[in-house]
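Participant: We have chain A already, so just place chains B and C on it with the hints.
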Amino acid sequence: MRWRRRPEAGAEEPAATPGAGIDLRDVGHEYGDRTVLSGVSLTLTERRVGVIGANGSGKSTFARLLNGLVVPTSGSVLVDGLDTRTQVRAVRRRVGFVFQDPDAQIVHPTVAEDLAFGPQNQGVPAEEIARRVEEMLDRYGLAGHRDHPAHLLSGGQKQLLAIAGVLAMRPQRIVFDEPTTLLDLANTRRVARVIDELEQDVVVVTHHLDLLAGFDRVLVVEDGRVAADGTPAETVPWYVARMD
Amino acid sequence: MPAGSGTFRRVKSRDLAYVALFAAIVAVLGLLPPVNVPGFPVPITAQTLGVMLAGSVLGAKRGGLALLVFLALVAMGAPLLSGGRGGLSVFAGPTAGYLYSWPIAAFVIGLLTQLFWRRFNLAWALVANLIGGILVIYAIGIPFTSLFGDVPLWASFTGSLTFIPGDVVKAVVASLVAVAVRRAYPVIELPSRRATAS
Amino acid sequence: MLSLYVPGRSVVHRAPAGLKLGLLAALGVGLFLTERPAVVGGALVGALAVGLGAARLPWRALAVQVRPVWLWLALLFVFHLLATDLRTGTVAVLRLLALLVTAAVVTATTRVTALVAVVEWLASPLRVFGVRPARIGLVIAMTLRFIPLVAERAARIREAQAARGAYRLRWGMAVPLLVQVLRMAATVGEALDARGADDAPARRPRARPAVAS
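Residue numbers (numbering that gives the first Met the number 0), protein chains in the order written: chain A, 0 to 243; chain B, 0 to 197; chain C, 0 to 212.
Hints were generated in silico from the structure; no laboratory data involved.
Where is the CB? At the ideal position from N, CA and C, for every residue including glycine.
Keep in mind that a hint or two might mislead.
Cβ-Cβ distance ranges computed for the label pairs, FRET-style [claimed, not checked]:
#1 Trp69/C - Ala138/B: 51 to 61 Å
#2 Val10/C - Asn120/B: 54 to 64 Å
#3 Leu151/A - Leu134/B: 40 to 50 Å
#4 Ala183/B - Arg24/A: 35 to 45 Å
#5 Arg24/A - Gly82/B: 56 to 66 Å
Derived list of chain C stretches under chain B, where covered just means 3 residues or more per stretch with a C-beta under 8 Å from a C-beta of chain B [to be verified]:
#6 69 to 79
#7 98 to 111
#8 184 to 197
Selected chain A positions facing chain C (Cβ under 10 Å, derived; list incomplete) [claimed, not checked]:
#9 Val87
#10 Arg88
#11 Val97
#12 His107
#13 Thr109
#14 Gly117
#15 Leu136
#16 Ala149
#17 His150
#18 Ala161
#19 Val225
Chain A extracted, bound-state conformation (with noise of 0.2 Å):
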């Protein structure tokens, strides 16, 4: 196990471009003799960008090349200029991640405590930190759970916890991998709805059809590829007729 610091350029932030986007270039990844995306090239700035396909198409590891929670086995991903390969600090900070299982993205057992682990990690100062814990426990109806073991809140909750934890990091862009998959219909419109009025751009990769509604653009994942490419009118009866 090596715990030692890497010497990487920590603190200071390289030149980023602004507005960029996400930009992939001729992305592809392999797990070990096995590809999993390849010859994936597009940019993204829409405001709402949704994912769909199968199991096992590759959308989770597309979702997670985005903040460099993997990167390519070639080509390169650019985020807002920030190669995800070198720049990997910069770019998390640019893009939060929101897991399907919230269980696997909460780590402090309390509500409050878990809430001001991203901002900690960032150097935020303690005072700044309280702010912003309080502004989320109140958005999202947390306030009476300041306290509380995170395991004895709902699912939804915990799912409402999980997202509110990367807002108090203040990124620009969220991506969400499947993040309504674990969850009953009234957990599901509620996410939907939170993330619907979120002011971040956002990419979702999902299952549920209907969260793409007001989306700017539909990608289609299939085999390692993108098969489709449009506005939700245009991907996702393509993609449904497909299935039958």
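Facilitator: Just chains B and C now, kept in the frame of chain A:
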């Protein structure tokens, strides 16, 4: 430098999570009520099963760290030892040597497991768990009791003999589980140079 | 809930955690350097006076921590009566009791967060080996988070097996459970990165509420 610097970075945080996970698993095993087995003189508690699993699933470093974290939590007053014991007083008690032995035992089991990893099967797993999970634990626990309570070594030794059958059962269970987990989700990754080094 | 801390505002409560732990360690060494019943007995009386008097701890708070080894102490005493003599036996038992009570007083009067800070401080020389002390607090917090999670997943797997007719608790369930939580831990590792755990400044501002109690 392993292939793909992204995997290099991820390994660190994932190791932290694995360490915390096994510290938690040892704690949860302490919540299980002791099992009375007919013919056995003392009830079997599950906690040292966690020690064995930590070593044989995570390997030496991470397994040993998991037990250190667990003991740190106990020292801070979390009543996580079987029977709801905790706090600094358990580290001053006569049987505290067994607690101190846990991180070392997990480390030794992990070390042996890594050594046997390429040909790891039930037999090798048993060797690792019997040496690390029983020999090491008693080699530390028995002299500690004897020193701490001012009793001769033989008395401390015979007193602990009753626990050995239960520990053998645990070593068998831990070995079965470790072999199955290795097949389904191997966590230990050997550095490639080990192939030539040993 | 997951702690033996007893809230209070006494001098003992407010004393620095590092000082309390240091004194406990010193006592642990010091008591083994003497064989005089008066010194060892005095240490026990002193520990009780600090705990019950100065710190105003309830009897129960101390008894809870000492009770588990009660039987062992009795056996030890009997052994010494038979094998050595009354004086040696008394000293051996009083010595252990004094240590146990002192440790119980420290545990009951010190917040978990304060103890975590001491552990991080003690670990700071390990920086030489590349260990970052702030990580220790994080791993401890994650462990507290994982304990109910592992218990819950275990219960769920048990239900799933019961639904398929396997009613008895079997060790076979350990394998699917372990694989499931190992997978989850791998994702937690990703989440740590995504939430900037790797971004942490060398000294994190810590303003977190008490972990438990």
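Participant: Each hint: holds or not?
Facilitator: Results for each hint:
1. Trp69/C - Ala138/B: 51 to 61 Å: Hint violated: Cβ distance 27 Å, outside 51 to 61 Å.
2. Val10/C - Asn120/B: 54 to 64 Å: holds (60 Å)
3. Leu151/A - Leu134/B: 40 to 50 Å: At roughly 42 Å between Cβ atoms, Leu134/B and Leu151/A fall inside 40 to 50 Å, so the hint holds.
4. Ala183/B - Arg24/A: 35 to 45 Å: This hint holds: roughly 37 Å between Cβ atoms.
5. Arg24/A - Gly82/B: 56 to 66 Å: About 60 Å separates the Cβ atoms of Arg24/A and Gly82/B, which means 56 to 66 Å holds.
6. 69 to 79: holds (count 5)
7. 98 to 111: holds (count 11)
8. 184 to 197: holds (count 9)
9. Val87: holds (8 Å)
10. Arg88: At 5 Å from the nearest chain C Cβ, Arg88/A passes the 10 Å test, so the hint holds.
11. Val97: holds (9 Å)
12. His107: This interface hint holds because 5 Å falls under the 10 Å limit.
13. Thr109: With Cβ-Cβ at 7 Å, under 10 Å, it holds.
14. Gly117: For Gly117/A, the interface hint holds, since the closest Cβ of chain C sits about 5 Å away, which is under 10 Å.
15. Leu136: Constraint on Leu136/A not satisfied, violated at 13 Å.
16. Ala149: holds (7 Å)
17. His150: holds (4 Å)
18. Ala161: holds (9 Å)
19. Val225: violated (23 Å)
Of the hints listed earlier, those the structure fails to meet are numbers 1, 15 and 19, in rising order.
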